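Peer 1: Protein chains in written order, with our numbering: chain P, 1 to 106; chain Z, 107 to 260.
What the hints contain is simulated information worked out from the structure, not anything from laboratory work.
Treat the hints with care, since some could be wrong.
[Unchecked claim] Under the rule of at most 25 Å between Cα atoms (straight-line distance), these lysine-lysine pairs were calculated in the DSS-like manner:
1) 31(P) with 98(P)
2) 98(P) with 253(Z)
3) 31(P) with 91(P)
4) 91(P) with 212(Z)
Small disclaimer: the values here were computed from a predicted structure and weren't measured.
For reference, the chains in residue letters:
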Amino acid sequence: MIDVDVSQLTVILTISGAILLVAYLTAISAKDLIRLLISLELMFAAVFLAILPLFTISPATGYALAIITAFTSSTELLVLVTAIILLDRRKRGMGVEKVAVGGDSI
Amino acid sequence: MNIETVIIAVAGVFAVASSIGVLLTRDNFYAALYMSVTMIFVAAIYAAFNLQPVVVIIALIFVGAVGIVTIAIAATYRAKPSRQVSLAWTAPVVIVFGILAYAYYKFATQDLEITGQEVFPAVASDYFFVVVFLFSLVVLMMLSAIKLARRVDL
Chain P
1 MIDVDVSQLT VILTISGAIL LVAYLTAISA KDLIRLLISL ELMFAAVFLA ILPLFTISPA
61 TGYALAIITA FTSSTELLVL VTAIILLDRR KRGMGVEKVA VGGDSI
Chain Z
107 MNIETVIIAV AGVFAVASSI GVLLTRDNFY AALYMSVTMI FVAAIYAAFN LQPVVVIIAL
167 IFVGAVGIVT IAIAATYRAK PSRQVSLAWT APVVIVFGIL AYAYYKFATQ DLEITGQEVF
227 PAVASDYFFV VVFLFSLVVL MMLSAIKLAR RVDL
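Go ahead and model the full structure; you've got the sequences and the hints to work with.
Peer 2: Now the structure itself:
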């Protein structure tokens with residue numbers, strides 16, 4: 001079990017929020033799937049920081065969540081690599097504008 | 107504010123700065139590199155709290171596997187032409203490499219104390235079902251991906 005004081009907790013959660021915000025901005029400004037993949041992994045980095053205070057309460061739960069987060073990110077990488085390969089085969093490109101369906105119209 | 111908080115804050119500032127680099131750079135290859143640097147600084151924050159198993163997870167899986175695969179994909183599908191290596195960067199790279207080599211040499215000559223040797227053997231017993239279920243998830247996802255890839259017409 002680790003000791004985290006209030007100032008350290010503030011710094012950690014602020015950094016986590018800042019990385020998550022940058023990841024969201026990267027995701028909404030992404031023009032291809034590779035940039036989208038990178039932004040999602042940045043979001044996982046922010047999640048990794050956000051679960052750090054859990055180690056002060058229950059280290060075993062923290063370790064389990066860290067393992068689950070790592071495996072989830074690996075699975076997400078697998079899915080997006082498949083999506084990149086499939087989009088390249090069908091549309092001959094990586095751009096998200098090549099996807100004609102999905103989302104909502106305003 | 108103690109020294110630990112300062113170290114965490116400095117590592118965090120570098121992590122946020124490198125994540126902003128992901129947002130600002132136009133080249134996906136450099137964006138993937140900045141992303142890996144962000145993960146390394148996140149691991150550094152865990153190292154400041156002496157949570158070494160999580161540092162190993164981040165370094166091996168996030169940076170070593172996920173990051174490298176992302177960099178390889180970004181380099182493969184690179185739209186912009188590759189830049190030439192600037193000779194101006196050679197000197198700082200050599201200096202940093204020399205400092206790191208000297209530091210490793212100094213650590214290698216000192217006695218190393220290994221602590222927490224029971225941590226890694228305990229992973230197989232304490233987190234057995236978590237690891238089994240997650241491996242099953244990865245295998246299922248791989249089979250689904252292969253099935254999807256076979257359906258697509260070339």
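Peer 1: If a hint holds in the structure, say so; if it doesn't, say that too.
Peer 2: Hint by hint, here is what the structure shows:
Restraint check for residue 31(P) and residue 98(P): satisfied, since their Cα atoms lie roughly 10 Å apart, inside the 25 Å limit. For the hint pairing residue 98(P) with residue 253(Z), the CA-to-CA distance comes to about 23 Å; that is within 25 Å, so the pair holds. A hinted pair counts as satisfied when its Cα atoms are at most 25 Å apart, and residue 31(P) with residue 91(P) qualifies at roughly 15 Å. For the hint linking residue 91(P) to residue 212(Z), the alpha-carbon distance of about 54 Å lies beyond 25 Å, and the restraint is violated.
In summary, the one numbered hint that this structure violates is 4.
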